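Q: These are the residues of each chain, in order.
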Amino acid sequence: MIEIDRVTKRYGAATVVDDVSLVIPRGGVTALVGANGAGKSTLLSMIGRILHPDSGTVRVDGMDVARTQSAVLARRLSILRQENQVAVRITVRELIEFGRFPYSSGRLTGEDVAAVDRAIEYLQLEEFANRPLDRLSGGQRQRAFIAMVLAQDTGYLLLDEPLNNLDMRHAAQAMSLIRRMAEELQKTVVVVIHDINFAAYHAGRIIAMKDGRIVADGPPETVVSPSILSDVFDIDVPVHQVEGHLPSTSAPPPATAPSRRRRPQPCPARCANHPLMRAPLPASLPRHRHRPVHIKAVAGAAMIYRWGTAR
Amino acid sequence: MSPKGHFAPRRACTTIAVLAAILGICVALFMTYDLKGSLDYALELRGRKVAGMAIVGFAVAYSSVLFHTATHNRILTPSLMGFDSLYILIQTLAAYFLGTTTFLLIDVRLRFGIEVVAMLAFAALLYRWLLGRGGRDVYVLVLVGIIMGTMFSSLTELVMRMIDPNEFSRLQDRLFASFSTINQDLLAVSAIAVAATTIISWPMLNRLDVVALGEEHATNLGVDHQRLVSRSLFVVAVLVSVSTALVGPVAFLGLLVANLAYQLTGTFRHRYTVPAAGLLGMIALIGGQFVLQEILEFKTRLSIIISFIGGIYFIFLLYREARK
Ligand SMILES: Nc1ncnc2c1ncn2[C@@H]1O[C@H](COP(=O)(O)OP(=O)(O)O)[C@@H](O)[C@H]1O
Ligand SMILES: [Mg+2]
Numbered sequence: 001m002i003e004i005d006r007v008t009k010r011y012g013a014a015t016v017v018d019d020v021s022l023v024i025p026r027g028g029v030t031a032l033v034g035a036n037g038a039g040k041s042t043l044l045s046m047i048g049r050i051l052h053p054d055s056g057t058v059r060v061d062g063m064d065v066a067r068t069q070s071a072v073l074a075r076r077l078s079i080l081r082q083e084n085q086v087a088v089r090i091t092v093r094e095l096i097e098f099g100r101f102p103y104s105s106g107r108l109t110g111e112d113v114a115a116v117d118r119a120i121e122y123l124q125l126e127e128f129a130n131r132p133l134d135r136l137s138g139g140q141r142q143r144a145f146i147a148m149v150l151a152q153d154t155g156y157l158l159l160d161e162p163l164n165n166l167d168m169r170h171a172a173q174a175m176s177l178i179r180r181m182a183e184e185l186q187k188t189v190v191v192v193i194h195d196i197n198f199a200a201y202h203a204g205r206i207i208a209m210k211d212g213r214i215v216a217d218g219p220p221e222t223v224v225s226p227s228i229l230s231d232v233f234d235i236d237v238p239v240h241q242v243e244g245h246l247p248s249t250s251a252p253p254p255a256t257a258p259s260r261r262r263r264p265q266p267c268p269a270r271c272a273n274h275p276l277m278r279a280p281l282p283a284s285l286p287r288h289r290h291r292p293v294h295i296k297a298v299a300g301a302a303m304i305y306r307w308g309t310a311r
Numbered sequence: 312m313s314p315k316g317h318f319a320p321r322r323a324c325t326t327i328a329v330l331a332a333i334l335g336i337c338v339a340l341f342m343t344y345d346l347k348g349s350l351d352y353a354l355e356l357r358g359r360k361v362a363g364m365a366i367v368g369f370a371v372a373y374s375s376v377l378f379h380t381a382t383h384n385r386i387l388t389p390s391l392m393g394f395d396s397l398y399i400l401i402q403t404l405a406a407y408f409l410g411t412t413t414f415l416l417i418d419v420r421l422r423f424g425i426e427v428v429a430m431l432a433f434a435a436l437l438y439r440w441l442l443g444r445g446g447r448d449v450y451v452l453v454l455v456g457i458i459m460g461t462m463f464s465s466l467t468e469l470v471m472r473m474i475d476p477n478e479f480s481r482l483q484d485r486l487f488a489s490f491s492t493i494n495q496d497l498l499a500v501s502a503i504a505v506a507a508t509t510i511i512s513w514p515m516l517n518r519l520d521v522v523a524l525g526e527e528h529a530t531n532l533g534v535d536h537q538r539l540v541s542r543s544l545f546v547v548a549v550l551v552s553v554s555t556a557l558v559g560p561v562a563f564l565g566l567l568v569a570n571l572a573y574q575l576t577g578t579f580r581h582r583y584t585v586p587a588a589g590l591l592g593m594i595a596l597i598g599g600q601f602v603l604q605e606i607l608e609f610k611t612r613l614s615i616i617i618s619f620i621g622g623i624y625f626i627f628l629l630y631r632e633a634r635k
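Protein chains in written order, with the working numbering: chain A, 1 to 311; chain B, 312 to 635.
In case anyone wonders, no lab produced these hints; they're calculated from the structure. Check before you lean on any hint, since a few could be wrong.
Stated by the list, open to error - Here are some, though not all, of the chain A residues that point toward chain B, as calculated from beta-carbon distances under 10 angstroms:
#, residue
1, Val23
2, Gly27
3, Ala74
4, Leu77
This structure is a prediction, so every number in the text was calculated from the model and none was measured. Positions of the beta carbon are idealized from the N, C-alpha and C atoms, including for glycine.
The task is simple: from the sequences and hints, build the whole structure.
A: Below is the structure:
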């Protein structure tokens with residue numbers, strides 16, 4: 001459980017996160033939405049102890065992140081930042097191997113290597129694995145950073161705009177992957193996301209921020225409404241419902257019309273007993289959430305995704 | 312190690328092995344070339360020189376690599392930010408107030424102690440003042456270091472203008488590193504200091520790899536960035552103070568060997584760059600001294616030549632950075 005208790009962050013006179021309190025229970029995907037500058041990254045960084053709040057506390061599994069040993073937290077909580085650079089020349093594989101540092105302290109065991117291999121496979125980075133990071137496209141690099149966080153294999157994942165630079169297919173696959181990790185392995189994912197459609201489709205809870213405060217918080221059915229969205233984003237957002245309910249499998253939404261090319265499956269069937277995701281699955285856990293309606297919010301007329309139709 | 316291209320720095324390992332072999336050859340040549348007179352005496356004299364150069368070469372190289380990682384910057388070295396100029400200032404002030412003859416009469420151990428303590432105090436002040444106040448900005452530290460260095464140099468210049476010309480020429484002699492007149496007691500003390508700091512700091516090399524990725528990555532991976540940076544800077548201060556007090560400043564040597572080590576090993580992993588840089592530092596001094604003395608029969612000090620080459624390399628690095 002992540003407990004955020006009256007957290008405030010100021011830069012000079014500007015209060016960028018303003019007395020935010022929030023509880024995020026274990027398991028599930030929580031989407032953090034809001035306009036640029038709303039304070040999403042700042043809040044996420046404070047949860048991930050990369051920034052220190054001016055006041056308030058953040059606890060993860062009851063541990064105050066400001067006081068707990070960083071090395072202990074690194075096995076429970078990982079954060080992918082919005083902007084990622086590394087100061088040194090490094091290959092994709094080396095970068096992902098650093099995701100195992102909290103366990104291996106630099107000396108990889110067989111288990112570490114296996115976790116790295118799986119992360120590479122999940123993000124389809126095999127062909128780039130030995131390439132220096134600075135010789136990749138922005139989207140390929142972003143996938144490498146996601147893979148690094150996956151290899152870290154923590155119960156809590158804080159992802160700040162993980163879909164940055166990803167093409168439609170990889171964005172859809174990454175989102176499905178994130179969601180399956182949450183559903184099947186009870187990982188707790190907090191993801192900053194700009195695409196309200198993605199948020200509505202994949203998240204069980206949407207938190208909307210504006211000017212450093214939380215202005216809406218709830219399941220997509222309540223948050224994704226024209227009045228709330230127009231308040232959050234200062235723009236009229238018509239909301240349409242597409243299809244009455246979710247597909248009953250977790251197949252990723254086709255990003256484009258099904259093409260003749262075989263669409264790679266991002267998450268193979270053995271996903272559930274994947275050791276990347278070591279936590280055992282409780283038998284009682286429903287495999288997939290059934291949400292009564294599938295809401296689709298479209299800004300303007302740009303209706304590009306047709307989710308919930310073809311599988 | 313996994314077969315799938317898992318980080319297996321073969322090139323780095325090869326580099327280190329080759330460098331070790333080269334160092335072995337350099338030492339053997341230096342010790343045995345053209346031995347004349349009393350064998351025991353000559354060997355002991357040369358052995359002492361080799362030991363001094365090895366200590367300094369390693370200390371300068373190791374401290375430069377640590378400094379580069381701590382500051383996320385590869386074109387500065389501790390000697391360029393105040394340490395060398397402080398040493399020179401101390402020497403100049405001593406020459407001015409005591410006269411070089413008196414200064415040289417002081418017990419070398421005392422002199423060594425004073426110099427080390429002065430430089431450590433400078434480092435402690437600098438670090439404490441800048442890193443202690445929650446100001447975690449290493450760039451400010453570097454900037455202030457450079458400004459202090461400039462200030463020390465200006466002060467030195469001022470004092471030098473007031474110095475007696477005879478004193479001045481004797482002083483000049485002390486301002487470039489010299490390996491021919493290393494005191495045996497100091498050698499032992501320095502060796503112990505450098506070895507102890509190295510052994511104590513060695514286990515943090517893996518975590519320094521993470522520090523090199525950047526502060527946010529380090530935090531995410533559970534490495535206390537600030538603490539490691541402070542510790543590295545402390546190690547740097549000890550190594551630089553000891554080696555400078557032992558032989559004098561060798562500006563640019565660290566810059567040269569550290570960057571060569573990065574290039575030759577092709578990695579930033581400290582387990583490889585530190586040994587490679589250390590070996591290069593020792594080779595540069597021992598091999599360089601040998602070539603200079605025995606082959607070219609130059610009378611110029613090696614440290615002057617190294618500063619010259621290092622200075623050119625520094626300009627090359629600046630140029631390359633600017634083009635990026
Ligand atoms: N280091 C900083 N110094 C001053 N202001 C900052 C700093 N970082 C962020 N801000 C400001 O804080 C606000 C929130 O930023 P951020 O959390 O990154 O927003 P977003 O919701 O887009 O992720 C923005 O107005 C930004 O300008
Ligand atoms: Mg942001």
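Q: It remains to establish, for every hint, whether it holds in the given structure.
A: Status of the hints after comparison with the structure:
1. For A/Val23, the shortest C-beta to C-beta distance to chain B is roughly 23 angstroms, which exceeds 10 angstroms, and the interface hint is violated.
2. For A/Gly27, the shortest C-beta to C-beta distance to chain B is roughly 22 angstroms, which exceeds 10 angstroms, and the interface hint is violated.
3. Contact between A/Ala74 and chain B, as hinted, is supported at the beta carbon level, the nearest pair being about 3 angstroms apart and thus within 10 angstroms.
4. Interface restraint check: A/Leu77 against chain B, minimum CB-CB distance 8 angstroms, threshold 10 angstroms, status holds.
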